[in-house]
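Protein chains: 2
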Amino acid sequence: MPGGCKPIELSERQETILRIVKDEGPITGEHIAEKLNLTRATLRPDLAILTMSGFLEARPRVGYFYSGKTGNQLLGEHIRKLTVKDRKSVPVVCQEETSVYDAICTMFLEDVGTLFVVKEGGVLVGVVSRKDLLKSSMGNQDLQSIPVGIVMSRMPNIITCSPDDTLLSAASKLISSQVDALPVVKEREGGDDGPEVIGRITKTTVTKAFVELGEGATV
Amino acid sequence: MPGGCKPIELSERQETILRIVKDEGPITGEHIAEKLNLTRATLRPDLAILTMSGFLEARPRVGYFYSGKTGNQLLGEHIRKLTVKDRKSVPVVCQEETSVYDAICTMFLEDVGTLFVVKEGGVLVGVVSRKDLLKSSMGNQDLQSIPVGIVMSRMPNIITCSPDDTLLSAASKLISSQVDALPVVKEREGGDDGPEVIGRITKTTVTKAFVELGEGATV
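Line by line, the protein sequences are chains S and L. Using my numbering, the letters of the first sequence correspond one by one to residues 30 to 248. Using my numbering, the letters of the second sequence correspond one by one to residues 30 to 248.
Okay, chain S solo, but in the shape it has when bound (with noise of 0.2 Å):
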């Protein structure tokens, strides 16, 4: 089965409704049809397509409205629906304690570019990234006496997503603040320290879900 959605192209005649109603909408089919010489039956499948594709709305009596989206509008309406939820991996997290040295060793056992610095109760403090210890390992001999918690970047000035938000605005996020990775938070009941770390988003993660739209896999 097909999923509910897919591209489609326009034909030129439907690219000329188009303009004609966005020209001069509301504006019924039989005006239409008028403009173009056709009668209008013969335009009712270009109406239909054009209607149920989202381009143009109808109102019975009123006649057709152009409805502002354009078609990469209307493909982005498709990506918008995949969520953080969906999509996050798990969070691989150290404490403020944790040496530079271990927490490069860890980096490379779970294969990740990001750790999270957490507290009691998966509270989050604080992120490191591989460059944040590459930084800091140059010229540093004794990496194992360099606690995290000193060149880790800090919470409040961590940006975070929620499991309901859309993966395009975390996708977002990661390019604006260019960061890496996501932590992907959840408020705590009663807590007043800060919220739980509960997953990670990061650019590999929304590279897979391009990949997978790209090769129409299910999203």
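Hints are not guaranteed to be accurate.
When chains are identical, the list treats them as one kind, so a pair holds in a single copy or across two.
What the hints assert, rightly or not - Keeping only pairs whose Cα atoms sit at most 25 Å apart, straight-line, the calculated PhoX-like set for lysine-lysine is:
#	residue 1	residue 2
1	Lys51	Lys164
2	Lys110	Lys215
3	Lys237	Lys160
4	Lys237	Lys148
5	Lys51	Lys148
6	Lys202	Lys215
7	Lys237	Lys202
8	Lys64	Lys215
9	Lys64	Lys202
10	Lys202	Lys51
11	Lys237	Lys64
12	Lys110	Lys237
13	Lys202	Lys160
14	Lys215	Lys114
Since the hints were made in silico from the structure, they are not lab data.
Following the hints, complete the assembly by docking chain L onto the known chain S.
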């Protein structure tokens, strides 16, 4: 003006028609109408939508076929229009003789996670990632004396892409090879010693494309 490509929601009746054609195609419009107890004229817009959107194919005097494409496959066709050529960014390079120390500095200055290692003529000889540099900087005190050549991945064990590839195929290589960046290369005229690096595709490139598609920007 809308682009030529957008998603469309199928009605229940259209889904039913698809199922009939899938099971019994090739089948004429008349026969489909009979099965549904509807007139041919009533079905005409539905058949037009299904054909123009690529779900069905029509052959005169034979009838309708199921194209075998799912909704998501058709959505994928939109994504597959994005090319490496249109999306690549500038490569950041160093030489085999560059020290690990200088390579790390270049990475920070240029704010990239991967350097391409080239020889004369921009010919690709290797790739060095933040991960490679982090590994070599652990416990090594004299990063200025270690050349990039001994910590990099070396040709021909480098996954590359070409300007004419789709962004989708490049994204798929990023995932399957578990790397953060691919060099974009082209063969050199009469050059036997390898391809020239002309660009860079990273998970950031793909994440940006995903955000633009999702936000309905031009792609």
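Hint-by-hint comparison with the structure:
1. Lys51 - Lys164: neither (55 Å within a copy, 59 Å between copies)
2. Lys110 - Lys215: within (20 Å within a copy, 38 Å between copies)
3. Lys237 - Lys160: Answer is both: 23 Å inside a copy and 21 Å across each meet the 25 Å cutoff.
4. Lys237 - Lys148: Neither, since 30 Å and 33 Å both go past 25 Å.
5. Lys51 - Lys148: For Lys51 and Lys148, the Cα distance exceeds 25 Å both inside one copy (56 Å) and across copies (56 Å).
6. Lys202 - Lys215: Result: close within a single copy only, 17 Å intra versus 33 Å inter.
7. Lys237 - Lys202: both (17 Å within a copy, 11 Å between copies)
8. Lys64 - Lys215: neither (56 Å within a copy, 52 Å between copies)
9. Lys64 - Lys202: neither (47 Å within a copy, 51 Å between copies)
10. Lys202 - Lys51: neither (34 Å within a copy, 42 Å between copies)
11. Lys237 - Lys64: The answer is neither: 47 Å in one copy and 42 Å across copies each exceed 25 Å.
12. Lys110 - Lys237: both (15 Å within a copy, 18 Å between copies)
13. Lys202 - Lys160: both (18 Å within a copy, 23 Å between copies)
14. Lys215 - Lys114: within (11 Å within a copy, 40 Å between copies)
Hints 1, 4, 5, 8, 9, 10 and 11, counting from the list given before, are not met by this structure.
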